[in-house]
Amino acid sequence: MEKSSKTKLKKYLLIFTSAVVILFVVLVVHIYEVTKPVKYDNSFLQLSRIDFKEDIDSLKANDIRHFVASLRGVQNTLFNVGDNILIYGYNSAEQTPTNVYEKLMAYGHYNAEKFIVSEELKAQGCPMAGKDRSSLVYRFTRYMYNLLN
Amino acid sequence: MKKSMFIPMLLLAGSALFYTACKKDKDPEPEPTPTPVTPTPAPTLYERVGGTTTVADPKNSGTMIEKGRLTLRSVVDSAIYVIAGDPVMTPYFGTLLAEVGANNTTGFAALSKNFTDFLCVATGAKNTAYAYMGKSMKAAHDPATHSRMGMKANAADFDKFVGDIGTALAKNGVTAANNKALVDDLVALLYTTKADVVQR
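Going line by line, the protein sequences match chains A and B.
Counted from 1, the first sequence has number 50 at position 51 by numbering that gives the first Met the number 0; the numbering is strictly sequential.
Counted from 1, the second sequence has number 189 at position 190 by numbering that gives the first Met the number 0; the numbering is strictly sequential.
FYI, nobody ran anything at the bench for these hints, they're computed from the structure.
On a predicted model such as this, the values are computed, not experimentally measured, just so you know.
Any given hint could be a false lead.
Across the chosen pairs, the derived CB separations fall in these ranges [to be verified]: (1) A:Ser117 x B:Asp158: 20 to 28 Å; (2) B:Thr37 x A:Leu13: 25 to 33 Å; (3) A:Leu12 x B:Arg199: 47 to 55 Å; (4) A:Leu22 x B:Ala176: 35 to 43 Å; (5) A:Lys9 x B:Pro142: 45 to 53 Å; (6) B:Ala41 x A:Thr16: 25 to 33 Å; (7) A:Asn98 x B:Tyr131: 31 to 39 Å; (8) B:Arg199 x A:Leu26: 32 to 40 Å; (9) B:Thr174 x A:Ile21: 33 to 41 Å.
C-beta atoms are modelled at their ideal positions from N, C-alpha and C, and glycine is treated no differently.
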């Protein structure tokens, strides 16, 4: 009787362990499938912002836009005239925001600053634009991704 | 003909003539039972902005892209510039302007893809490659369930966001003046998410 109870216990343990292992394998495969490299259309396009501390009218704004757009690697520009803000997109493999800023200041001697994103701002905001890096799920996923790639 | 037969014959002929003259038209054929016509479904918003016709992708030489997705991506990419330059949006989209190292996905690239995927599905795209895999709108905009949302969004900021999308539409040649129906439908679509996004 005792022997048959032990046998039953072993059997149940085996089934339980097998189920856990199978589920773990399914989870790992799932993580691999959803975290394998995603193709982005604009993978090297980076945005940068320059805030002008003086009023820039639409004429000057166009001049600034055209100058910045002429720099190597810069792809698109937008000037928010009401708030005196320049946004430009550049290929991060070909250009740097420091270089763009210095060249623009040398060109127009403007009273302006590069907008620097604080660590606090980097960590928050629209979830579509970044990842929730603090969650356990993210950290486990990241660990498995590094293990598999 | 004998006189006595003349009048009966005349009467017979007259009756025949009368009969044929007054003969009713043949019973009209029964009207055919109308075949039920299945109304053609109205085109989806995705079909109205280009649908599934594929064209060369200007951002990826050698690959094709559905016209509907290309249109939506163009609007999204324009909108990202407008949003990045809007100080009201900065607390929500600061990561767009954070510089990343080589081979890291930029905030622009991530938002462009995810938001385009979202709009493709929401406007009726069937291509499974465009499936939106993110959190639900409610969970994604609640700091309790998503720590990236440093603060909850309010109605005024949501309206500003939709306004920035409208500016982006205009940059792509679509305005209320030249295509009111499309603008209204796109704005209405965005506002279907308001109840989930606005939590303050």
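Results for each hint:
no. : hint                            : result
1   : A:Ser117 x B:Asp158: 20 to 28 Å : holds, 26 Å
2   : B:Thr37 x A:Leu13: 25 to 33 Å   : violated, 58 Å
3   : A:Leu12 x B:Arg199: 47 to 55 Å  : holds, 51 Å
4   : A:Leu22 x B:Ala176: 35 to 43 Å  : violated, 57 Å
5   : A:Lys9 x B:Pro142: 45 to 53 Å   : holds, 48 Å
6   : B:Ala41 x A:Thr16: 25 to 33 Å   : violated, 56 Å
7   : A:Asn98 x B:Tyr131: 31 to 39 Å  : holds, 37 Å
8   : B:Arg199 x A:Leu26: 32 to 40 Å  : holds, 36 Å
9   : B:Thr174 x A:Ile21: 33 to 41 Å  : violated, 57 Å
Taken one by one, the earlier hints fail for this structure at numbers 2, 4, 6 and 9, listed in ascending order.
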